[in-house]
Amino acid sequence: MVGMSLLRTAAAFTARLNPLKRTCQSSNLLSRTVARSEQVVVRYGSHGKRMFIIKPTDFYDRRFLHLLKYYILLAGIPVAALVTFVNIFIGESELAEIPEGYEPEHWEYYKHPITRWIARTFYDSPVKDYEKMMALIQMEAEKAEMSQWDSHMPPGFHPKYLKLCSEDEQSFYRFGTTWGQLQLEVRRHMREKGDGPWFQIQTLDKNLIDHSPKSSPDN
Amino acid sequence: MPKDHDKDVYPEPPSRTPVEDRQSSLPNPALILSKLFYYSVDLPVTTFRGIQSGKKSHYYHQKFRRVPELTQCQEGDYVCYYEAEMQWRRDYKVDQEIVKVIQERLRACQQREGPSYSQNCYKELQQFEQVSKAFQSRYGDLGAYASARKCLMKQKERMMAEQHAFATSST
Chain A
1 MVGMSLLRTA AAFTARLNPL KRTCQSSNLL SRTVARSEQV VVRYGSHGKR
51 MFIIKPTDFY DRRFLHLLKY YILLAGIPVA ALVTFVNIFI GESELAEIPE
101 GYEPEHWEYY KHPITRWIAR TFYDSPVKDY EKMMALIQME AEKAEMSQWD
151 SHMPPGFHPK YLKLCSEDEQ SFYRFGTTWG QLQLEVRRHM REKGDGPWFQ
201 IQTLDKNLID HSPKSSPDN
Chain B
220 MPKDHDKDVY PEPPSRTPVE DRQSSLPNPA LILSKLFYYS VDLPVTTFRG
270 IQSGKKSHYY HQKFRRVPEL TQCQEGDYVC YYEAEMQWRR DYKVDQEIVK
320 VIQERLRACQ QREGPSYSQN CYKELQQFEQ VSKAFQSRYG DLGAYASARK
370 CLMKQKERMM AEQHAFATSS T
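The listed protein sequences derive, respectively, from chains A and B. Letter by letter, the first sequence follows residues 1 to 219 of our numbering. Letter by letter, the second sequence follows residues 220 to 390 of our numbering.
Calculated directly from the structure, the hints in this document are not laboratory data. Just so we're clear, the structure is a prediction, and the values are computed from it rather than from any experiment. Careful, some of the hints might be misleading.
[To be verified] Using 27 Å as the maximum straight-line C-alpha spacing, the simulated DSS-like pairs for lysine-lysine come out as follows: (1) B:K226 - B:K282; (2) B:K369 - A:K111; (3) A:K143 - A:K111; (4) B:K312 - A:K132; (5) B:K282 - A:K132; (6) B:K282 - A:K128; (7) B:K352 - A:K111; (8) B:K369 - B:K352.
Could you put the whole structure together from the sequences, leaning on the hints where they help?
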């Protein structure tokens, strides 16, 4: 044990005194000082030595962020400026009681000037939308009622439908129609006033079709 | 500042500044943020309000006429159904806003009173409980596709349950 440690110290000593790796040859062998070389501390006028730092590319990331900022700000800055100027120079409306006998326009129910402008320029008034919806519902209800006639009541006996016809037509329809004739009449009315692509695409009069045999098929 | 709503109808809670009882030496962040907002936004806006053009525009609250409800519509009168449905939706929105106002009052009261709110805000608590129970029983689990018909059916179920409970309790 003691011999091992002695051997180890001897090996370390000889390694240090390796003639191949000796930095100092002569006088300061055992004192083991490093010779003072002629290097001085370099003082840069710039931010230090320029290093070529090797790292993975951030070109694509930076390009993406740059383009993102560009396209967002391209529309964002004008919109922000517009909204700021509207808020500062035009300002919001004030709440007031509806004066007697005055019907406010539909845009006068909103506070912000831009909302009012949008409601005035682009949107229909909610009253008009309401009426449009009610008109649609009315028409659909009438169509549903008309389609129920086939199953419920015999033809020619519907007061609502009779109102649409003239006097002699009414008498015709009261006595002596068949289901088929009534169907054709309904289809005629639907073509004039109905909905859906089958009824609204205008076609030529079927009587113009020439049914006589032709010399070639595509004539 | 343009005024928003009638303060008599929806009164804001009375502004009492209670004696501050700070128990920590940290600065109050709410105070810091409010002061920041005041100096950065509020002050410039109020000083520059003179720039605005002279003529003031007004906006109004729309008043809707009452139309016959779903129970008063003839069967198959789809237009009446539509009008009743729209009226029900408007009433639903109004009720939601009422609940929000009551909630806001309770919240303000709790913030003012601090730890002793359950004793000091008793009125607001009772009001909130009453209003939210009523809202729940009428519009409670109707869901996102709520409609006047579903609400009516829910009312019917409620009345049937009441009848049933009355009948079983009396026998």
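Okay, the hints, checked on the actual structure:
{"no.": "1", "hint": "B:K226 - B:K282", "verdict": "holds (19 Å)"}
{"no.": "2", "hint": "B:K369 - A:K111", "verdict": "violated (34 Å)"}
{"no.": "3", "hint": "A:K143 - A:K111", "verdict": "violated (42 Å)"}
{"no.": "4", "hint": "B:K312 - A:K132", "verdict": "holds (23 Å)"}
{"no.": "5", "hint": "B:K282 - A:K132", "verdict": "holds (20 Å)"}
{"no.": "6", "hint": "B:K282 - A:K128", "verdict": "holds (16 Å)"}
{"no.": "7", "hint": "B:K352 - A:K111", "verdict": "violated (33 Å)"}
{"no.": "8", "hint": "B:K369 - B:K352", "verdict": "holds (19 Å)"}
Hint check: violations occur at hints 2, 3, 7; the rest are consistent with the structure.
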